[in-house]
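Student: Okay, here's what each chain looks like letter by letter:
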Amino acid sequence: DAGVIQSPRHEVTEMGQEVTLRCKPISGHDYLFWYRQTMMRGLELLIYFNNNVPIDDSGMPEDRFSAKMPNASFSTLKIQPSEPRDSAVYFCASSLGRRGLYNTEAFFGQGTRLTVV
Amino acid sequence: AQSVSQHNHHVILSEAASLELGCNYSYGGTVNLFWYVQYPGQHLQLLLKYFSGDPLVKGIKGFEAEFIKSKFSFNLRKPSVQWSDTAEYFCAVRPGNTGKLIFGQGTTLQVKP
Numbered sequence: 001d002a003g004v005i006q007s008p009r010h011e012v013t014e015m016g017q018e019v020t021l022r023c024k025p026i027s028g029h030d031y032l033f034w035y036r037q038t039m040m041r042g043l044e045l046l047i048y049f050n051n052n053v054p055i056d057d058s059g060m061p062e063d064r065f066s067a068k069m070p071n072a073s074f075s076t077l078k079i080q081p082s083e084p085r086d087s088a089v090y091f092c093a094s095s096l097g098r099r100g101l102y103n104t105e106a107f108f109g110q111g112t113r114l115t116v117v
Numbered sequence: 001a002q003s004v005s006q007h008n009h010h011v012i013l014s015e016a017a018s019l020e021l022g023c024n025y026s027y028g029g030t031v032n033l034f035w036y037v038q039y040p041g042q043h044l045q046l047l048l049k050y051f052s053g054d055p056l057v058k059g060i061k062g063f064e065a066e067f068i069k070s071k072f073s074f075n076l077r078k079p080s081v082q083w084s085d086t087a088e089y090f091c092a093v094r095p096g097n098t099g100k101l102i103f104g105q106g107t108t109l110q111v112k113p
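Taken in order, these protein sequences are the chains called A and B.
Here the first sequence stands for residues 1 to 117, where the numbers follow the working numbering.
Here the second sequence stands for residues 1 to 113, where the numbers follow the working numbering.
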């Protein structure tokens, strides 16, 4: 398996533009996580899905952020409009999760480094 | 709310020194615990994990961690660090009743040759 695949690896955009980050989880994994990493705040959980359904989006900073998972092999994180403070590395991760156990680790993608100027 | 706390934000050691990184979590039920490592410019990789059984778990590259339930702690240790251990280390908790995976703030380890 190729692992979790994220695209693009780097994105530079101007303030106010829409940004879409993409993620392909490991085949067969039923959990998908989006994290944001910054020096100040560390690794923050933004949202996670189970079987394509958003379970907890309490970490999404504000309405400018939205995430979707239209099928088991694809997810997007969209920022509209983007602002300089959104500059960060965004990671996608996937895992298995048997109900009541959740004793499996998450596998991470390479991340997308977003710079908003 | 569930949270993970890593006590040390930045640690500097000389090669061959011993390492211990602290991790505490706030959740009263069954937990699954992880340590991940992130080498410069790379993604997170699993170092070790604890689900049940022996509270002392061994991972890759000579790392180990001890789960102390009464202290809600899962500290990472290595008897003798190498320059190549320079990286950021993250503790993570996955409560046993939810699929959520929560990370601590991370600890940057710098090993001087």
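You may find that some hints are simply not true.
[Unchecked claim] Incomplete in silico selection of chain B near chain A, CB under 7 Å: (1) F34; (2) H43; (3) L44; (4) L48; (5) K49; (6) G53.
[To be verified] DSSO-like, lysine-lysine: derived pairs with alpha carbons at most 30 Å apart: (7) K49/B x K112/B; (8) K100/B x K112/B; (9) K58/B x K69/B; (10) K24/A x K69/B; (11) K58/B x K112/B; (12) K61/B x K100/B; (13) K58/B x K71/B; (14) K49/B x K24/A; (15) K49/B x K100/B; (16) K112/B x K69/B; (17) K68/A x K100/B; (18) K78/A x K112/B.
Honestly, the hints are just simulated from the structure, not real lab data.
All of these numbers come straight from a predicted model, not from anything done at the bench.
The beta-carbon is built from N, C-alpha and C at its ideal position, and this holds for glycine as well.
Student: Tell me if the straight-line CA distance from K68/A to K100/B falls inside 30 Å.
Tutor: holds (17 Å)
Student: What's the verdict on K49/B and K100/B, does the C-alpha distance respect the 30 Å limit or exceed it?
Tutor: It holds: about 16 Å lies between the C-alpha atoms, which stays within 30 Å.
Student: Going by Cβ atoms only, is G53/B closer than 7 Å to chain A?
Tutor: At about 11 Å, which exceeds the 7 Å cut-off, the nearest Cβ of chain A leaves the hint on G53/B violated.
Student: Tell me if the interface restraint on F34/B is satisfied: Cβ within less than 7 Å of some Cβ in chain A.
Tutor: At 6 Å from the nearest chain A Cβ, F34/B passes the 7 Å test, so the hint holds.
Student: Between K58/B and K71/B, does the CA-CA distance stay at or below 30 Å?
Tutor: holds (20 Å)
Student: Are the Cα atoms of K24/A and K69/B separated by 30 Å or less?
Tutor: Status violated; Cα separation ~36 Å.
Student: Have a go at the L44/B hint: is there a Cβ in chain A nearer than 7 Å to its own Cβ?
Tutor: Interface hint status for L44/B: holds (4 Å vs cutoff 7 Å).
Student: Does K49/B pair with K24/A here, judged by a C-alpha cut-off of 30 Å?
Tutor: Holds. K49/B to K24/A sits at ~24 Å (cutoff 30 Å).
Student: If you draw a straight line from the CA of K49/B to the CA of K112/B, is it 30 Å or shorter?
Tutor: Within the cut-off at roughly 27 Å; holds.
Student: Would the hint linking K61/B and K100/B be met if the CA-CA limit is 30 Å?
Tutor: holds (27 Å)
Student: Is the hint on K49/B kept, meaning its closest Cβ partner in chain A is under 7 Å away?
Tutor: holds (6 Å)
Student: Please verify whether K112/B and K69/B have alpha carbons no more than 30 Å apart.
Tutor: violated (33 Å)
When each numbered hint is compared with the structure, violations occur for hints 4, 6, 8, 10, 16 and 18.
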